[in-house]
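Chemist: Sequence:
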Amino acid sequence: MQTLRHVLIGDGDSPHLLKWARALAEPRHGIELWAVSSRGILPGFDAVLPPTRRLALATRPDAAGGNAAVLAPLPRLVPWLRRIDADWLHAHYLSSHGTLAWVARRLGGMRAGLVASAWGSDILVTPERSRAVRWLTRRVLKAAALCTSDSQHMAGRMRALGAGEVMVFPFGLEALPPAVPATSKDPGLWFANRGLEPIYAPERVLRFFARFAGPEDELVVANDGSLRPALQAEATALGIAARTRFVGRLDATTQAAHYARARWYLSLPTSDSVAVSVLEAMAHGCVPVLSDLPANRELVSDAANGLILGADERADERAVGERLAALALQADAIAARNRRWIEEHALFGPAVERFVARLRALPSRVRR
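Quick note: the sequence shown uses my numbering, first residue 50, plus one each step.
Careful: at least some of the hints might be erroneous.
Unchecked claim - List time: in silico SDA-like cross-link candidates among lysine to any residue, alpha-carbon distance up to 20 Å:
hint, residue 1, residue 2
1, LYS191, ALA209
2, LYS68, THR303
3, LYS191, SER179
4, LYS68, GLN51
5, LYS191, PRO226
6, LYS68, ALA305
7, LYS68, ARG103
8, LYS68, ARG54
9, LYS191, GLY211
10, LYS191, GLY157
11, LYS68, ALA117
12, LYS68, ASP95
13, LYS68, PRO226
14, LYS191, LEU411
15, LYS68, ARG298
In case anyone wonders, no lab produced these hints; they're calculated from the structure.
Build the full structure now, drawing on both the sequences and the hints.
Modeler: This is the structure:
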């Protein structure tokens, strides 16, 4: 088997890029892996890649789509990539790192093919904010020999922007967690762990809990963000401060313990693709309560294995309460069914194996 030289280009401070690196570095894939980070490099990369195969550019990219800071280190990046002479440049988050990879490849006259992995808002939100970013996103997608998406909905948007071949698979779990006994679940415990930023609508999580949870129920709000002070004030105003705990960012072990105890999981963003946290919650036997987004409907059938919440739950408050009550009665069966679905469809290792096989099947003329 021929060794492929494969360069990840993304945010090395993100655990998501580290997860891709761990998966691609598995010896069975026959990949010589390299990584470029627009910012820093997490310590976890030490166990995956030697320092000689990593480059940290120490910029501050704008997640909303600004690319000027990301492009500034091109004079340093292009010679580094030329020396590698890679088969593939693999960009993660396309409005920033996709642009960086596309420009570096053109400037360097490299033979490497381009792979583009979308993460969510880089396709669903950012291209709508600016004509320039939309044009750049189109350029990256059209130049990519292969794209990846974690939902059919986002894949459709990518094709509309000019993508050719798009592989669809969830950014799934590296391993299935241990099964949670039904007796370990607290029927009155709710868990939410999306970022405390406007796109994730955490204020809606608080209002839903205040309106529909039982008087003795408890809400644990993990993660952090710019809205935290306002959310703490809102919890007081809603009269749920004594039953709401803001616990900040959690390590993986602590977060898994919250998933394992919670009966309910809340994720109500205004825009999203398939979220890893939702997959984790389902694998741990939580009943998901999700906003009505196309990608969420790829995971949950309303009132069957979770709740899909419309734009205004107050419009039909009685019906929402009835659906919640029905789900509570079936919670143990739903937990088992959701866990089986994750095992069959949302484990990352098998998906990456298919991805690498597809890279190897692409003819060399596509990569050049």
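Chemist: Would you mind marking each hint as holding or not holding in the structure?
Modeler: Results of checking the hints against the structure:
| no. | hint | in the structure |
| --- | --- | --- |
| 1 | LYS191 - ALA209 | 11 Å, holds |
| 2 | LYS68 - THR303 | 19 Å, holds |
| 3 | LYS191 - SER179 | 18 Å, holds |
| 4 | LYS68 - GLN51 | 24 Å, violated |
| 5 | LYS191 - PRO226 | 38 Å, violated |
| 6 | LYS68 - ALA305 | 17 Å, holds |
| 7 | LYS68 - ARG103 | 15 Å, holds |
| 8 | LYS68 - ARG54 | 18 Å, holds |
| 9 | LYS191 - GLY211 | 5 Å, holds |
| 10 | LYS191 - GLY157 | 19 Å, holds |
| 11 | LYS68 - ALA117 | 27 Å, violated |
| 12 | LYS68 - ASP95 | 13 Å, holds |
| 13 | LYS68 - PRO226 | 16 Å, holds |
| 14 | LYS191 - LEU411 | 16 Å, holds |
| 15 | LYS68 - ARG298 | 18 Å, holds |
Checked against the numbered hints given earlier, the structure breaks hints 4, 5 and 11 and satisfies all the rest.
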